[in-house]
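Note that the sequence shown covers residues 1 to 259 in our numbering.
Some hints could be false.
Keeping only pairs whose Cα atoms sit at most 27 Å apart, straight-line, the calculated BS3-like set for lysine-lysine is [stated by the list, open to error]:
no.	residue 1	residue 2
1	LYS251	LYS27
2	LYS87	LYS121
3	LYS27	LYS69
4	LYS117	LYS169
5	LYS169	LYS192
6	LYS117	LYS164
7	LYS215	LYS121
8	LYS215	LYS149
9	LYS192	LYS215
10	LYS117	LYS81
11	LYS169	LYS182
12	LYS192	LYS81
13	LYS169	LYS149
14	LYS27	LYS87
15	LYS169	LYS121
16	LYS53	LYS251
Since the hints were derived computationally from the structure, they do not count as laboratory data.
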Amino acid sequence: MELIDTHCHLTFDELAGGIEQVLHRSKTAGITSWVTVGTDPQQNQMAVAFADKFQNMYAAIGIHPHDAKDATDHTFAELEKLTQNPKVVAIGETGLDFHYDFSDRTSQQRVFVEQLKIAQKLNLPVIIHSRESFDAAMEILEQFRPELKKVVFHCFTGSADQAKIVLDKGFYISFTGVVTFKNAGTLRDTAKIVPLDRLMIETDCPYMSPEPVRKQKINEPALLLHTATYLAELKEMTLPDFAEAVTTTSKNFFNLHEK
């Protein structure tokens, strides 16, 4: 069995110091590839360095909406320069966060648009962060269609109606361990309608450990197995069949067949 953690933050302090052990536990659990995701210039550099160092690890690079206020033209130039590394497989995470508003919304929208321009120019997939900003994010994304087709809403917690909008645009949806939470009945209903060729899974570690290990404060890629097992049961599939399907979808989305 093979699984890919399509969105993890292995460069964050909680995991980076023990990365060898983290990856060993991950491979033992059957999660054998990882997309480690950058959120600011420093984390982007680290993500690419990790991807270069470890087999079957890839990097996504972007400016998180929390950090949008600090982005300059130099930031975007450095981001585009990093994409020359063949281990960089996506732009992101990028998007809008109207819950915390750590950056003003004008800056968030500007930085989101600039990253979508880079993705469109280089034909790279995009990883979207959207929190309490679904309509605004979709409005901006619409400006880049149909050229920009490989878009995934990561850590999706939206409604079934929102999922249908995402799917109708040809975009993808990725679920974290949140779908296993006891109070996530609505999200489970959403997951049921997402076809396997548009569905990916992730940890978003070091955050949000899934049930039944939710009390484990630091999430890690090995725990993706719990989310996969839960979703396989929800889809009324065997775990190996579910794993094969979502791994194929993930490889196609990130063009990992070519790597």
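Check the hint pairing LYS27 with LYS87 against an upper bound of 27 Å on the C-alpha distance.
holds, 19 Å
Straight-line Cα separation of LYS215 and LYS121 no greater than 27 Å?
Status violated; Cα separation ~43 Å.
Given the hinted pair LYS215 and LYS149, is their alpha-carbon gap at most 27 Å?
Violated, at about 37 Å.
Pair hint outcome, LYS192 versus LYS81 [Cα-Cα no greater than 27 Å]:
The given pair, whose Cα atoms are some 39 Å apart, is violated under the 27 Å limit.
Given the hint that LYS192 pairs with LYS215, does the C-alpha gap stay at or below 27 Å?
Holds: LYS192 and LYS215 sit about 26 Å apart, inside 27 Å.
For the pair supplied as a hint, LYS169 and LYS121, confirm whether the alpha-carbon distance does not exceed 27 Å.
Judged against 27 Å, a Cα distance of about 20 Å means the pair holds.
Hint consistency between LYS87 and LYS121 [alpha-carbon to alpha-carbon, up to 27 Å]
Given pair LYS87, LYS121 holds - Cα atoms ~18 Å apart, limit 27 Å.
Holds or violated: LYS53 and LYS251, Cα atoms, limit 27 Å.
Within the cut-off at roughly 20 Å; holds.
Can the restraint linking LYS117 and LYS164 be considered satisfied, given a maximum Cα separation of 27 Å?
holds, 25 Å
Below or equal to 27 Å on CA atoms is what counts here, so check LYS169 against LYS149.
Answer holds: LYS169 to LYS149 is near 8 Å, not above 27 Å.
Pair hint LYS251 and LYS27, alpha-carbon separation not exceeding 27 Å
Since the Cα atoms of LYS251 and LYS27 sit roughly 17 Å apart, the hinted pair holds (cutoff 27 Å).
Can the restraint linking LYS117 and LYS81 be considered satisfied, given a maximum Cα separation of 27 Å?
holds, 14 Å
Against the hints set out earlier in the document, violations occur for numbers 3, 7, 8, 11 and 12.
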